[in-house]
Amino acid sequence: MRHGRYPFIIGFLAAPVAIYVTFVLGPYAQAFYLATTNWRGVSANPEFVGLENFTKLFSDDVFWKAIRHHGLLLLALPLLTIVLALFFAFMLNVGGGSRGGAMAGVRGSRFYRVVFFFPQVLAVVIVGVIFSRVYAPDDSGLLNGALATVGLDPVLFMADPDIALWSIIAVLVWQAVGFYVVLFSAGMSSVPKEIYEAATIDGAGRAAMFFRVTLPLLWDTLQVAWVYLGIAAFDAFAIVQVLSVDQGGPDGATTVLGMEIYRNAFSYSQFGYASAMGVALFFLTITFAALTLRVSKRDTIEL
Amino acid sequence: MSVTPESPADLSRRTVLRRAAAVGLLATPAAGLLSGCVGGGDDEPVEQAAGDKSEANPLGVKEDAPLELTIFAGGLGTKYATDVHVPSYKKAFPKAEVKFSSTEEVGTVLQPRFTSNTPPDMVNNAGSKLLDQGALVQAGQVQDLTELFDAPSLDDPSKKVRDLLVPGTVEQGTFNGKPYVLNYAFTVFGLWYDSALFAKNGWTAPKTWAEFTALCDKIKAAGITPYSYAGANAAYYQYLVLLTSAAKIGGPDVLKNIDNLEDGAWQAEPVKQAAAAWAEIGAKYGNRAHLGLKHTEVQLQQNQGKVAIYPSGSWLENEQAKDTPPGFKYAVMPVPSVTASDALPPTAIYAAAGEMYFVPSKGKNARGGMEYLRHMLSKAGAKGFTELTKVLTVVQGAVDGLDISPGLTSGNAMLTAAGKDYFAYRFDTWYKKLDDEARAATNELMFSGGTAQKFCDRMQKVADAVKKDSSIEKFKR
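So the sequences go chain by chain: F and X. Counting in my numbering, the first sequence runs from 5 upward without gaps. Counting in my numbering, the second sequence runs from 398 upward without gaps.
Honestly, the hints are just simulated from the structure, not real lab data. Glycine included, C-beta positions come from ideal geometry on N, C-alpha and C. Do not take every clue at face value.
Restraint ranges, calculated between C-beta atoms of paired labels, are given here [unchecked claim]:
#	chain 1	residue 1	chain 2	residue 2	range
1	F	L288	X	K476	46 to 54 angstroms
2	F	F62	X	K681	35 to 43 angstroms
3	X	P722	F	F52	56 to 64 angstroms
4	X	T736	F	S63	32 to 40 angstroms
5	F	S63	X	D547	45 to 53 angstroms
6	X	E568	F	L83	54 to 62 angstroms
Quick partial rundown of chain F residues pointing at chain X, CB under 7 angstroms, derived from the structure [as the list claims (entries may be wrong)]:
#	residue
7	A22
8	G45
9	G253
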């Protein structure tokens with residue numbers, strides 16, 4: 005009975021593994037190799053330069069600027085998104101209190117769910133274009149137009165180095181929240197109703213219900229959300245590329261590693277150096293994911 | 398910098414998504430994928446088509462060899478190639494098949510073809526996604542054009558091609574002593590204004606800095622932004638003007654030193670003076686909101702009478718053609734003199750052969766590519782180009798007898814007045830990194846309260862870094 009098992013498994017695994025090796029591992033290996041060359045993207049034979057690209061990287065101001073921006077994104081993006089998404093999900097699923105023995109969301113929660121999810125459906129570039137109109141620096145912009153009607157000076161959302169990155173974070177949060185509302189909603193709906201009912205009978209208010217019941221039971225989902233958002237914080241390339249002034253400006257105030265990789269590869273034709281940045285990004289992302297999973301490790305609550 | 402306006406539609410959803418995928422989280426593997434062909438090509442010389450040289454065929458083109466062209470589809474359009482130059486080549490070589498293609502992203506489309514040593518035979522390298530010309534030359538991918546410039550011209554076999562060009566053209570495309578690139582369009586730069594608006598208000602083009610600021614005061618009093626440019630993507634229009642001032646104060650060698658990465662070139666007194674003068678204009682007469690706008694948006698504001706003076710090159714009139722209201726008459730003036738003791742007269746301008754055309758050395762028909770350039774450099778080829786694009790070419794006298802627009806007339810007059818006092822820099826195409834830094838530093842200077850000292854120090858720091866970087870090939874002029 006069992007002798008047919010291995011050919012069967014291998015038959016199923018061979019193709020995906022081959023594809024994975026060719027299109028993921030192979031390119032990674034090549035990128036690592038390129039990071040040790042001074043390849044400029046137009047010749048067929050790159051020259052080996054050892055770790056020169058990396059020593060250059062560590063004394064590159066722009067690189068550290070991008071890293072700092074990732075640090076800020078890493079703190080702000082997951083935190084803001086998760087807090088908002090949790091709040092909305094709670095209101096949509098449990099916030100309406102008990103209705104006919106079952107927990108229900110606030111009035112109109114089905115409608116809100118669609119509204120929240122809507123930004124997720126839009127392509128990143130479209131989001132960028134929309135916000136370039138929202139943030140426009142004169143009164144043709146949505147926000148500055150509103151400010152102008154009450155007689156306030158226009159705010160240079162993308163052009164002021166002090167708020168440009170925050171403006172970008174706001175867009176990222178705006179876009180991401182919907183997805184996590186749905187994710188957390190799914191998590192909440194898997195919490196047995198009896199637990200909520202028991203809590204209601206014990207006299208728990210909405211706050212207690214949230215912090216003492218919902219949050220602990222959602223821990224796994226939160227952990228996943230944190231890792232996802234953390235990885236998204238290491239990206240942010242598309243929005244920066246579309247929305248920021250002078251690609252990552254003003255004056256590098258919104259730049260991220262992806263942007264710098266792109267710039268070094270495609271503007272400066274320094275593919276070797278760009279690959280070195282890519283390798284650095286790779287290790288940052290891996291380290292982050294491993295750390296998060298390790299730090300947030302907790303026993304799963306048996307239901 | 399390319400002297401071609403960036404294509405307004407250069408950001409389509411698909412290309413950005415592709416880039417997002419290529420660079421975002423997937424940066425590492427994608428860089429590897431891109432390099433799939435590294436080491437795949439070989440350095441063996443490619444067998445190239447060659448025919449017998451004759452009087453009618455001085456470059457020895459194989460008459461039935463196919464010719465492949467790639468043209469940038471931007472502010473100049475592609476009609477000049479399809480309607481003028483390709484027919485001209487076809488007429489001379491009827492048996493040759495001409496494959497024509499155009500793209501908004503020259504770099505993205507052609508880069509993989511260079512790594513695999515299968516490039517087209519002639520490339521118009523321009524636009525915001527252009528190939529790094531310096532890197533191509535460094536990699537030995539570009540054909541030496543000496544033979545073309547020494548060949549007899551199509552119109553007059555007794556004259557060489559190089560003798561019929563505007564002086565400086567061949568030098569503009571020279572990298573370390575060899576001419577690799579034909580810069581075909583001749584562009585003049587200056588401060589553009591609406592001569593109708595100026596006439597209506599009794600304003601005249603200023604020659605000195607005092608006249609300039611006095612005029613700006615008057616314009617400001619009339620409720621119009623006196624001077625502005627677009628910070629979001631066109632800061633290089635402004636640093637061009639700033640460096641023009643520097644060259645006028647201290648002579649063209651100021652720019653030569655910058656190009657040659659001489660120590661302290663950016664901290665030279667003329668650069669500092671120019672930066673200080675322009676910082677004041679930015680602070681007093683600019684509009685901070687324009688830091689967040691693109692070039693087309695500010696140009697539109699000028700067409701609507703909200704901005705009076707705008708720095709740009711002579712493509713501006715053609716680029717704005719569909720948005721220019723009737724009654725708006727483009728005119729251009731030289732950048733006013735900053736001091737009374739400027740090294741160059743007030744009429745001196747920044748003017749240069751631009752818009753790069755080159756022949757890949759590893760294409761299949763490099764001789765055909767050069768021959769195609771020879772057809773572009775004929776009188777008929779140049780005249781056709783100017784008619785279709787309203788941009789002058791490097792071919793002397795090609796616009797004689799042509800009925801030209803107000804902006805082009807004004808630009809032409811400015812060029813004539815300048816005489817031999819025109820100059821240009823090259824560092825922006827040689828060292829893209831310096832170009833980027835100059836854009837950011839200029840925005841800081843003009844919009845965000847930067848100072849001349851900060852500007853100079855900042856530029857010097859990056860210039861020094863480029864000089865020290867062994868992976869970047871250095872060029873001299």
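Run through the hints listed earlier and report the numbers of any the structure violates, in increasing order. 7
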